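All chains, please: the whole structure from these sequences, using the hints.
Line by line, the protein sequences give chains A and B. When we follow the numbering used here, the leftmost residue of the first sequence carries the number 1, and every step to the right adds one. When we follow the numbering used here, the leftmost residue of the second sequence carries the number 1, and every step to the right adds one.
Since the hints were derived computationally from the structure, they do not count as laboratory data. A quick note: this is a predicted structure, and the numbers were derived from the prediction, not measured. Warning: the hint list may mix true and false statements.
Rough simulated footprint, nothing fancy, chain B against chain A, three-plus residues with beta-carbon under 8 Å [claimed, not checked]:
id, segment
1, 198-212
2, 219-225
3, 241-251
Listed below are the simulated DMTMM-like cross-link pairs for lysine to aspartate or glutamate, each with C-alpha atoms no more than 20 Å apart in a straight line [what the hints assert, rightly or not]:
id, chain 1, residue 1, chain 2, residue 2
4, A, Lys233, B, Asp209
5, A, Lys254, B, Asp209
6, B, Lys23, A, Asp280
7, A, Lys23, B, Glu158
8, A, Lys160, A, Glu66
9, A, Lys186, A, Asp280
10, B, Lys254, A, Glu5
11, A, Lys254, A, Glu122
12, B, Lys121, B, Glu158
13, A, Lys254, A, Glu5
Every residue, glycine too, gets a C-beta built ideally from N, C-alpha and C.
Number of protein chains: 2
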Amino acid sequence: MNNFEYFNPTRIVFGQGTIANLKHLVPPSASVLMLYGGGSIKRNGVYEQVVSALTGRNIIEFAGIEPNPDYDTLMKAILLGREKGVDFVLAVGGGSVIDGAKLVAAGIPYRGNAVWDIVTKETAIKLGDALPLGTVLTLPATASEMNGTSVISRRSTEEKVAWASEAVFPLFSILDPTTTFSLPIKQVRNGIVDAYAHVLEQYATYPVDALLQDRQAEGILLTLQEIGEDALKTPPDYATRANFMWAATSALNKLINKGVPEDWATHMIGHELTAFYGIDHAESLAVVMPYLFWHQRQYKADKLVQYARRVWGLSGEGEAVIRAGLDQMIQFFNRLGMPTKLTDFDIDPDDAAERIRARFESRQVLLGERNHLNPDMVAEILRMSR
Amino acid sequence: MNNFEYFNPTRIVFGQGTIANLKHLVPPSASVLMLYGGGSIKRNGVYEQVVSALTGRNIIEFAGIEPNPDYDTLMKAILLGREKGVDFVLAVGGGSVIDGAKLVAAGIPYRGNAVWDIVTKETAIKLGDALPLGTVLTLPATASEMNGTSVISRRSTEEKVAWASEAVFPLFSILDPTTTFSLPIKQVRNGIVDAYAHVLEQYATYPVDALLQDRQAEGILLTLQEIGEDALKTPPDYATRANFMWAATSALNKLINKGVPEDWATHMIGHELTAFYGIDHAESLAVVMPYLFWHQRQYKADKLVQYARRVWGLSGEGEAVIRAGLDQMIQFFNRLGMPTKLTDFDIDPDDAAERIRARFESRQVLLGERNHLNPDMVAEILRMSR
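Put into structure tokens, the structure is as follows:
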């Protein structure tokens, strides 16, 4: 087991009816900048519950945080927050709204020259430098509600940057599974696949004798498999959605990666597929991961065998059981209605391979837990997705 | 899944050599009250490492915190800390030292009439009211290093009270597995059984559709089983001890109990056995739990079947597989050198049954996740331990 540090001060308030707890969680005298997205919270009743629980506080609303939150949009929210003198930020939505709110909470009190420095300079802010941030999660997938990570896009300069700071862990996050009841089924499917892939990025590398972390990761995978298909049914079932929500948070709240190597190559390649072809983030993961793992099987062998045996109950040795485990993964994604080949999206694997190879080549990027996955190997992997 | 709140702000610093990190974790200007126990840290080098890392700070030492830390001892530490004007408390030791340090950290700045009120009145202190507390763990077992719970004994009045407050979560805890290398093997054995029992108290109740929490609990049990016998070998193996340490912390850092019922009857009965007969805490758990679970099998059936199947890989149905699972538990404890019958300690089960029945009768105590385990049932359980 590698040495590690674990720190996660976010208070999770979980369960049906817990949005009402905002009245205890947000100081009575707070001036709150409330951030949300495209307005779905006005259609599903979440907006009403939030505003009702915040009775007595001064609320400044900022709507329109887009998927892959944009720096220019967030700067508008920061300037509004400064102008109105807010002292609390509340994000109501999914990962994009929460990621954006982290920059807003850090940006409002920031005294540096450019807020963009927060995103690009690790030392720009430290614990205590951001406004307190609360979240009401409505779309389980990214676990941004329980970590200090944020991904910000800057469309004007074609940048997309992940940053992290202890300063922007949410003070609290409210997870009410009923808020997911009105989600389009496609978003539930995407959330399950995204969470599943998050776990595997932290698990399917090489063993370092981190026995408990392996079990914790396998437990999340087994849970997602257990509830996956039921989570897509209507009417939604509370227990199923509750397990989905807690599993998605647990997949990336930075517990299971303690003391172990991490991969994230699938995510890096997936980001490029989303940028070039506009497929959803979770879709991009499903058309890469099974092929990347097979391509890298000689380096990931121990973990892929363990995955097949413990998570799918398969027996057998070596490549045969690895192949069988990956086939189970593909079939699981397919049962959720998730395509697993680039060709399912009418994307030419050769075209994708060449474009993304060139992109990584120009940026001299090497991927994976061993930092050895080069652009040519990425191209080989993408050509397999057919 | 029941509604729940999760909050755990302790920073864990894990791994070989991490005691040196004290120099970053404790403010350079701090005046530190350093608490420890009987002096084993002076024999195993931990004391030297701590003092060396704290170079430059004012250190006030208070040694002699006993197992089951005593209120009168802790009051002496509190008065010393007030006299010297300390602003930081550092616990170096196991669960007893850390439990005691929590009261000391809360007691030094406490302005109420009697420090004992902190232990008995839930509202006596709140988040932010205690001095910052850091810990260097040397004995994995209680997880006090990563929770807000403390058990204080008051020998002068024959009281032993468990209390909890968000104010006394350690600010940080350093977990260096090499600090366990000099532990007597009996203490390692006790730590494994204690952690194993902690998990089962939160797991072996009745199902509430908390699928992930079940998997997390099973993962800790499997890990303890995986490393248990190896952890007793000499020379100690780093990876084995690291897994033991992280599993013991994870067993009671209040993650796996989120949204699920809890039992704790074995602990309540065990406390009385320790009080009457002086057997170790872990020993008391091992001579109660297997019989209590069998006695309560009609109420715990679903979970005991799941335990047998998932944790021991057994097949079968109903009472047969429950019995086989509990037999596996007993054999596991025995393989660790842990006795599992009162008679192994020359304790008469009838005598224990009568004494403890009377004790619970007089206090009108009902135990267990259904609050239905009455003193007569406790007596029946103890009579089975032969």
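key: Unsatisfied constraints (hint numbers, rising)   = 5, 6, 7
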